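**Student:** Chain by chain, the residues run as shown.
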Amino acid sequence: MKKRKMLLLMVTAVLIVATALSGCSKSTNDPNSGSTKTSPTPGTTTNAEEGESSDIWEFGSSELSFSAFQLYNWQDFPATMDDNPFWKYLKENKKLNIKSVLGSSNNLQLMATMMANDNLPDLIHGDRNHPDFLKLYKEGKLVALDDYMEKYPNLKKWLSSEAADLLRSPDGKLYQFPNYYTTIPNGAAGYVVNKKIYKELGSPSLETMDDLYAYLVKVKEKYGNEIVPFEPDQAANANGIGLIYTGHKENSYYRSLSSGTIAVVDDANNKLSSLYTDPAFRESQKFVSKLYREKLISQDMFTAVDRAGIQERVLTGRVAIYAASSPLTWAMQGDTELSAKDPDAGYFVTWPIHKAGLDKNKIFTGSWDKLGWNVNVITTAAEEPEKIFAWLDWMTGPEGMATQYFGPEGGNWNGFDENDRPIFTDTYNKAEVAKLETDNVPVIIVGNTTYIDPIKMDYEMAKPEAERSWLLTNQEAVTWRTTNDATALATNLTPQAGTDLADIDVNVREIFAQALSASATAKSDADVDKILDQAQEDSLAVGYGELLEWRTEQWLKNKELLGE
Amino acid sequence: MSQVKAKENFKSIPPKRRSVNEKSFLQRLWKQIDLQLMVWVGVLLIFVFSYIPMYGVITGFMDYSIFTGARIFENPWVGFKHFESFFNAPQFDTIMRNTLVISLLKFLIGFPAPIILALMLNEVRRRFFKRTIQTITYLPYFMSWVIVGSMVMSLLSTDNGSINIFLQTLGIIDEPINFLSERNYFWGILVTTNVWKDIGFNSIIYLAAIAGVNPSLYEAAEMDGASKFKQMYLITIPTIMPIIIIFMILQMGSLLNAGFEDILILAQNPSLRPVSDVIDTYVYRIGILNQRYDYGVAVGLFKAVVSIILLTSANYLARRTGNSLW
Chain Z
1 MKKRKMLLLM
11 VTAVLIVATA
21 LSGCSKSTND
31 PNSGSTKTSP
41 TPGTTTNAEE
51 GESSDIWEFG
61 SSELSFSAFQ
71 LYNWQDFPAT
81 MDDNPFWKYL
91 KENKKLNIKS
101 VLGSSNNLQL
111 MATMMANDNL
121 PDLIHGDRNH
131 PDFLKLYKEG
141 KLVALDDYME
151 KYPNLKKWLS
161 SEAADLLRSP
171 DGKLYQFPNY
181 YTTIPNGAAG
191 YVVNKKIYKE
201 LGSPSLETMD
211 DLYAYLVKVK
221 EKYGNEIVPF
231 EPDQAANANG
241 IGLIYTGHKE
251 NSYYRSLSSG
261 TIAVVDDANN
271 KLSSLYTDPA
281 FRESQKFVSK
291 LYREKLISQD
301 MFTAVDRAGI
311 QERVLTGRVA
321 IYAASSPLTW
331 AMQGDTELSA
341 KDPDAGYFVT
351 WPIHKAGLDK
361 NKIFTGSWDK
371 LGWNVNVITT
381 AAEEPEKIFA
391 WLDWMTGPEG
401 MATQYFGPEG
411 GNWNGFDEND
421 RPIFTDTYNK
431 AEVAKLETDN
441 VPVIIVGNTT
451 YIDPIKMDYE
461 MAKPEAERSW
471 LLTNQEAVTW
481 RTTNDATALA
491 TNLTPQAGTD
501 LADIDVNVRE
511 IFAQALSASA
521 TAKSDADVDK
531 ILDQAQEDSL
541 AVGYGELLEW
551 RTEQWLKNKE
561 LLGE
Chain W
1 MSQVKAKENF
11 KSIPPKRRSV
21 NEKSFLQRLW
31 KQIDLQLMVW
41 VGVLLIFVFS
51 YIPMYGVITG
61 FMDYSIFTGA
71 RIFENPWVGF
81 KHFESFFNAP
91 QFDTIMRNTL
101 VISLLKFLIG
111 FPAPIILALM
121 LNEVRRRFFK
131 RTIQTITYLP
141 YFMSWVIVGS
151 MVMSLLSTDN
161 GSINIFLQTL
171 GIIDEPINFL
181 SERNYFWGIL
191 VTTNVWKDIG
201 FNSIIYLAAI
211 AGVNPSLYEA
221 AEMDGASKFK
231 QMYLITIPTI
241 MPIIIIFMIL
251 QMGSLLNAGF
261 EDILILAQNP
271 SLRPVSDVID
281 TYVYRIGILN
291 QRYDYGVAVG
301 LFKAVVSIIL
311 LTSANYLARR
321 TGNSLW
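Sequences listed follow chains Z and W, in order. At position 105 of the first sequence the residue is numbered 105 (this note's numbering), and the sequence of numbers has no breaks. At position 257 of the second sequence the residue is numbered 257 (this note's numbering), and the sequence of numbers has no breaks.
If we strip away everything but chain Z, and leave its shape as in the complex, we get (with noise of 0.2 Å):
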């Protein structure tokens, strides 16, 4: 019995040991421990080294290891150096150490953490309207570029100066480091025709909406429920179905269904106005409810989010037309594989669809943007601020971007000539620049649109056409010339978390998002009326009036900064 009570006795010593040390052990990440430094205040951070290291640091002279961070769910950056070719040469030849911090799909809890624990990653990449970046900019905790901009050759030179105005925070100071930015058009928005169902129903025009309905009714009765006869891309995000909505005025934005812009653009008035009162968006929402009672639009549209359904029929050839903002990868490689088995196949682009009566050339199914999407900063957390910088400044001049694009130089390329372009060598391999490009997409953190576009198309185009790339054909031809420039709209029109406008522009979205899914699945058009009219109604009840008031007053800065 003593004997039975002295291990009880020792059993429960131990655990309650073990209780007491894992309980404490909790502290170990207490952000309180050792986190005494203070948030310097934005504008106090320039340039930590001022006086100290006015001379330029060259990239690759010395040792540089950080830490880098990718702000988006789907995507992080490689393992290590030496899974992606671009790093692994920036390792062995830069003396580079880029230690990625890995989110693993869930990225954005994980940036959440960090924020909460003071542990930030040194360099940060993401979308440029991301909440957090403003949320970061705000607690002081992002290093200003502008000294290193004026040091550096290469941002400076091909960064606008307006478009540098137009990424500037509330207090003037450049944080962020964009990503594709560009002075020419670089949309890729359009309407992918399938090449083979076409010529078999006679090669009809498809210039009007009303050439499109009757070439989908057409379709349908010929292949039944085979073939899809109008597949929209991400319908729920006004992806595909907004393709439409430009078909259906001059001069309209595609950005104006961007859940994060909900305006059109009233030139009469010089004011952005509710997307509900907008004529052309009914319209446009009654043509595709008129398309899905019928039919002859993806039934499952804003059903199946998951794009692997969409990806499949685009690539096996199921669906007669395919509209999206981004549609040209999938119709390149599905282009590949049907011609290679029958060379009738295929996808061609066509130009933008238009509603009876208007201008061919004044419609636009797509937007681009001077400041490109994404952007890096780089946080207070980082040792070397300045270095890193340099790093990214090289990067988005010649010989970083050669490096990116076409591998290091000696193999593909050879030294540049009087216009700071890359000299092809005769060992120029197609393959292997197009499978470069590919692998390095997600280390291709700045890149220079406006230097790269015509590198590759110069080269393209010097070829005879056959050979020519089915991709860069299509992006000349057509989806370059068919998107028009939406900086103004697409910048500095997201709210500040915390703030009430917020917290409206939250519920717009919400309402936006139903009423979009409802209206284009209407079951009449006085029905797409209905709905419009309560989401408008309802969009007004939350503070949609205040919103595009102040979206309004942003817009119009914008404008200015860019002289429009």
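Treat the hints as calculated values from the structure; they're not laboratory data. Any given hint could turn out to be false.
To be verified - Coverage of chain Z stretches by chain W, computed from C-beta distances (three or more under 8 Å per stretch; other residues unrestricted):
# : stretch
1 : 112-123
2 : 509-516
Stated by the list, open to error - Just a sample of chain W residues kept apart from chain Z, beta carbon distances all over 12 Å, derived:
# : residue
3 : Ser-85
4 : Glu-123
5 : Ala-304
What you are looking at is a predicted structure, and each value in this text was computed from that prediction instead of being measured. For each residue, glycine too, the CB sits at the ideal point set by N, CA and C.
Dock chain W against the given chain Z, drawing on the hints supplied.
**Tutor:** Then chain W, alone, in the frame of chain Z:
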């Protein structure tokens, strides 16, 4: 009268005599020290891991900035601001209605279903057949909602979905029906999927309870000429009633848990929100996705308070039948 008398009698006993057989508190404690230590480990664990983290709920009464991390007292107090904005939110009525309707439907259909399955399985005499049915009905419970959701979606899809093809082959419909975009079908699909997923696993407990019924009761009933149905009605159900009531009370506590993963996965179409949006999906969308943590906490706290009220009242009602939880 007798009570008063007893009291008087008790008083008349001298204090010394009263404690003759009683040891002091410490002595008693020492005597059961092994049991005490075991209990206190549990209490300590619950305190550390379930009570201490609860301090986070006070962010529901603050304007919480994520950068303060665990130093939450640096945030300004705002009282019931977030609760008020939830009650005034345009979605409030819809969310409350959906939460109640969906959870009631799940309760009314999902609660009796495993009991009925258990009663039916109990009547099956062939062991092999019974085991097979049990295994088949358990299986879906172990699949994640992501898998179940995609199975349901592909079954109901308009593009080569089996159910649409089946109905078309039978000539019941001409054109595929878009089941997952129709508001009228959503509750039905949701509840059916839930019942299908959980019925087997939830029936285990009732099967175990039925196994504990004294076989002589059935034998006696059979002698008296009671039919199978009568035996079930008069013996099996009354015997497992206490278990049923206890599970019912527990279920009441989570009545406002209308679901989260299942709705998130099945109600992808935003136009379903008027019938699909419940408190949990709303908290996820507004609180987590839009990073309004303080607001999310306030809404979650409101739900917890309502749940406690429901649990307590269910227990109060059950106490009258003599089968309460506490």
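**Student:** So, against the hints stated earlier in the document, which numbers end up violated here?
**Tutor:** 3
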